[in-house]
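J.: Sequence:
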Amino acid sequence: MRGLRVRGVRRQVPKAGSSYTYCAAVLGEVVGWIVGFDLLLESTAIVAVVAVVAIGMSGYLGFLLDAVGIHLPTWALGAPGTGAGHRIDLLAVAICLAVAWLLARGTRTSARVETVLTIVKIAIVLVVIVVGFIKVDSGNLTPFAPFGLGGAFTSMVLYVLVCVVLTGIQHYSELNPNSGISSAFADVGLNGLANVIAVGAVIGIVTVTFSFIMIFSGWLMPFLQWETWVRVGAWLVAGLVVYGAYGYRRTRQVMPGGSVDLDTLDDLDDTEGVLGA
Numbered sequence: 247m248r249g250l251r252v253r254g255v256r257r258q259v260p261k262a263g264s265s266y267t268y269c270a271a272v273l274g275e276v277v278g279w280i281v282g283f284d285l286l287l288e289s290t291a292i293v294a295v296v297a298v299v300a301i302g303m304s305g306y307l308g309f310l311l312d313a314v315g316i317h318l319p320t321w322a323l324g325a326p327g328t329g330a331g332h333r334i335d336l337l338a339v340a341i342c343l344a345v346a347w348l349l350a351r352g353t354r355t356s357a358r359v360e361t362v363l364t365i366v367k368i369a370i371v372l373v374v375i376v377v378g379f380i381k382v383d384s385g386n387l388t389p390f391a392p393f394g395l396g397g398a399f400t401s402m403v404l405y406v407l408v409c410v411v412l413t414g415i416q417h418y419s420e421l422n423p424n425s426g427i428s429s430a431f432a433d434v435g436l437n438g439l440a441n442v443i444a445v446g447a448v449i450g451i452v453t454v455t456f457s458f459i460m461i462f463s464g465w466l467m468p469f470l471q472w473e474t475w476v477r478v479g480a481w482l483v484a485g486l487v488v489y490g491a492y493g494y495r496r497t498r499q500v501m502p503g504g505s506v507d508l509d510t511l512d513d514l515d516d517t518e519g520v521l522g523a
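My numbering applies: residue 247 is where the sequence shown begins, and numbers increase by one.
These are calculated hints, taken from the structure and not from any lab test.
Don't take each hint at face value.
To be verified - Label-pair distances were calculated between CB atoms; the ranges are: (1) Val-376 x His-417: 20 to 30 Å; (2) Asp-284 x Val-373: 43 to 53 Å; (3) Arg-333 x Asn-386: 33 to 43 Å; (4) Val-366 x Gly-315: 35 to 45 Å; (5) Thr-355 x Val-277: 29 to 39 Å; (6) Glu-275 x Val-406: 42 to 52 Å; (7) Pro-326 x Val-277: 41 to 51 Å; (8) Val-406 x Val-277: 39 to 49 Å; (9) Val-314 x Ile-280: 42 to 52 Å.
Bear in mind the structure is a predicted one, so any value in this text is a computation, not a measurement.
All residues carry an ideal CB built from backbone N, CA and C; glycine is no exception.
Using the sequences and the hints, build the whole thing.
T.: Printed below as a string of structure tokens:
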């Protein structure tokens with residue numbers, strides 16, 4: 247009987263599967279709107295998270311462009327306050343809008359792209375670990391854990407291995423904060439691999455920036471025509487909002503310590519159903 251009831255509900259409300267769509271279908275759109283945006287307000291840090299990720303991707307993308315002879319003007323290299331002559335992080339803006347445009351194409355397209363990018367990302371991480379061990383200087387690993395063993399063992403295995411290789415190639419105090427891995431490999435003469443790593447970093451960070459927002463019911467931009475502009479317009483606005491979250495602040499000011507706490511990531515998981523409903 248329970249199976250029949252669930253099947254009946256699924257046929258009547260095929261898109262249900264989150265708090266937002268369920269409440270909108272059962273209790274009305276007003277209640278769905280309240281529930282959805284209540285969760286959005288609870289997880290406002292999602293914008294800061296995407297902002298931090300986008301600006302990190304901007305550093306690696308800039309490294310890759312420099313490697314192929316494309317040099318951006320000083321004013322386009324970062325947000326005000328991040329360096330002399332900086333006015334806007336042009337690459338970060340492009341990243342946010344590009345991801346927003348891709349998501350506007352639909353769930354199936356974005357899912358396929360993310361799957362391909364994830365496979366490429368894992369392959370490049372494995373290449374970094376294997377090739378990097380060839381250039382490891384044991385002297386750079388002393389002391390092995392300058393910030394304590396507790397911090398080192400909180401990371402995942404692949405991340406720890408990448409850190410060991412990276413600090414083995416170059417002393418941790420000399421690492422480039424914007425494109426650390428690529429710069430380290432370039433310093434030891436592996437320019438080709440450094441460019442490959444930059445590509446992998448860009449691809450890897452793109453998969454992280456796939457965030458969601460409620461647009462399928464037209465709440466965000468109700469004045470646009472549904473069939474033609476609502477999806478693209480709403481996603482582009484979302485991309486601009488993400489950039490605006492950090493456009494006039496340094497990354498460390500957006501998220502203290504340059505990191506994302508686990509509670510925020512847990513909120514992202516909790517609200518994914520609402521945002522992607």
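J.: Now look at each hint and say whether the structure bears it out.
T.: Now for the hints, and whether the structure bears them out:
no.: 1; hint: Val-376 x His-417: 20 to 30 Å; verdict: holds (22 Å)
no.: 2; hint: Asp-284 x Val-373: 43 to 53 Å; verdict: holds (44 Å)
no.: 3; hint: Arg-333 x Asn-386: 33 to 43 Å; verdict: holds (37 Å)
no.: 4; hint: Val-366 x Gly-315: 35 to 45 Å; verdict: violated (24 Å)
no.: 5; hint: Thr-355 x Val-277: 29 to 39 Å; verdict: holds (31 Å)
no.: 6; hint: Glu-275 x Val-406: 42 to 52 Å; verdict: holds (48 Å)
no.: 7; hint: Pro-326 x Val-277: 41 to 51 Å; verdict: holds (42 Å)
no.: 8; hint: Val-406 x Val-277: 39 to 49 Å; verdict: holds (46 Å)
no.: 9; hint: Val-314 x Ile-280: 42 to 52 Å; verdict: holds (50 Å)
The structure fails to meet hint 4 from the earlier list, while all remaining hints are met.
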